[in-house]
Amino acid sequence: MPRRHRLTPEKGLKHAPWRFTATDEAVLTRLTQYRYLKSVTLQKLTGRPIATVNYSLRKLFDRRLIDKPHRQVEGFNHLNAPDIYEINARGRRWLAEDVPEVTTLSRTHSEGPPKHFAHSVGICDALAEIELEVTAAGNEFIPAETILANVTVPNPLKMSCTIEHTFPNGKHERLETFIIPDGVCGIRQAGGKSELIFLEVERCNPVRPLTLGRASMLRKTLCYEDIRSTGLTKRLGKKDFSVRYFHIL
Numbered sequence: 001m002p003r004r005h006r007l008t009p010e011k012g013l014k015h016a017p018w019r020f021t022a023t024d025e026a027v028l029t030r031l032t033q034y035r036y037l038k039s040v041t042l043q044k045l046t047g048r049p050i051a052t053v054n055y056s057l058r059k060l061f062d063r064r065l066i067d068k069p070h071r072q073v074e075g076f077n078h079l080n081a082p083d084i085y086e087i088n089a090r091g092r093r094w095l096a097e098d099v100p101e102v103t104t105l106s107r108t109h110s111e112g113p114p115k116h117f118a119h120s121v122g123i124c125d126a127l128a129e130i131e132l133e134v135t136a137a138g139n140e141f142i143p144a145e146t147i148l149a150n151v152t153v154p155n156p157l158k159m160s161c162t163i164e165h166t167f168p169n170g171k172h173e174r175l176e177t178f179i180i181p182d183g184v185c186g187i188r189q190a191g192g193k194s195e196l197i198f199l200e201v202e203r204c205n206p207v208r209p210l211t212l213g214r215a216s217m218l219r220k221t222l223c224y225e226d227i228r229s230t231g232l233t234k235r236l237g238k239k240d241f242s243v244r245y246f247h248i249l
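Residue numbers for the sequence shown follow the UniProt record's numbering, so the first one is 1 and each next one is one higher.
Rather than coming from a laboratory, the hints here were simulated on the basis of the structure.
Fair warning: there could be bad hints in the mix.
Said to hold, decoys possible - Dumping the calculated DSS-like pairs for lysine-lysine here, alpha-carbon to alpha-carbon at most 30 angstroms:
(1) Lys68 <-> Lys44
(2) Lys171 <-> Lys193
(3) Lys220 <-> Lys38
(4) Lys38 <-> Lys158
(5) Lys171 <-> Lys158
(6) Lys171 <-> Lys234
(7) Lys158 <-> Lys193
(8) Lys68 <-> Lys38
(9) Lys44 <-> Lys193
(10) Lys238 <-> Lys193
(11) Lys238 <-> Lys171
(12) Lys220 <-> Lys239
(13) Lys220 <-> Lys158
(14) Lys220 <-> Lys193
(15) Lys68 <-> Lys171
(16) Lys234 <-> Lys220
(17) Lys193 <-> Lys68
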């Protein structure tokens, strides 16, 4: 019997009879919220046994309700790493209700992966870790779509800023620029106090650049310091915020 390919659905099962379970719905809901999730992360987010989640993923994949982006083989060892899944248009139609999305990764142009696939997966991983951390502490995780729901400013996450810095060699630079966070979420504590969080996922940008003209940890830090001083995040409902940096290899 030939061995099935890990990234290829089983033939003949797309329209085969099957039972749609609560685990199936939970998996589709989480993938709708995040776009990309690893199997182990889905198990944590759904709170169900790993064997149950893996069975659901295989079933949904064979019936073409979710995909395994082929781009994952470029930067991940798919022979021993958890598979990465993504919901498709067919899978979203199985959900009876809309769910607030956690990521701001665009789905408007195509069903295919974005240009920077590994970076996008890193964003989803980081936001999932934040949600798990928040809920484990007994607090409420607020997804991006909920935060942006009542904002009337066009493209509210594109925040203009003016930054300055003097480098060790004495060169001073001033730059008019903007920053768009990789992710945004919130925390509502049991007492009602809420916190706004911006996420930055770093892969290859330098920490100490020689100029403000290129993306770097320094430039992002200066941008957020300027945004804090100008109170620009008031349009998101909170003046104060924190920034979390995640580094992926």
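Check whether the Cα positions of Lys234 and Lys220 lie no farther apart than 30 angstroms.
holds (19 angstroms)
Would you check the hint for Lys68 and Lys44, treating anything up to 30 angstroms between C-alpha atoms as holding?
holds (19 angstroms)
Holds or violated: Lys193 with Lys68, Cα cutoff 30 angstroms?
violated (39 angstroms)
Keeping to a limit of 30 angstroms between CA atoms, is the pair of Lys238 and Lys193 held or broken?
Between Lys238 and Lys193 the Cα gap is close to 11 angstroms, so the pair holds against 30 angstroms.
Is Lys171 close enough to Lys234, meaning Cα to Cα at most 30 angstroms?
violated (33 angstroms)
Lys158 and Lys193 were given as a pair; does the straight-line alpha-carbon distance stay at or below 30 angstroms?
holds (25 angstroms)
Within 30 angstroms, alpha carbon to alpha carbon, are Lys238 and Lys171?
violated (35 angstroms)
Between the alpha carbons of Lys68 and Lys38, is the straight-line distance 30 angstroms or under?
Holds - the C-alpha atoms of Lys38 and Lys68 are around 10 angstroms apart, at most 30 angstroms.
Assess, step by step, whether the Cα of Lys68 is no farther than 30 angstroms from the Cα of Lys171, and give holds or violated.
violated (48 angstroms)
Could you grab the alpha-carbon distance between Lys220 and Lys38 and see if it respects the 30 angstroms cut-off?
holds (28 angstroms)
For a C-alpha distance cap of 30 angstroms, please report whether Lys220 and Lys239 respect it.
holds (18 angstroms)
Satisfaction of hint between Lys158 and Lys220, Cα-Cα up to 30 angstroms
Holds. Lys220 to Lys158 sits at ~13 angstroms (cutoff 30 angstroms).
The structure is inconsistent with the numbered hints 2, 6, 11, 15 and 17, although it conforms to all the rest.
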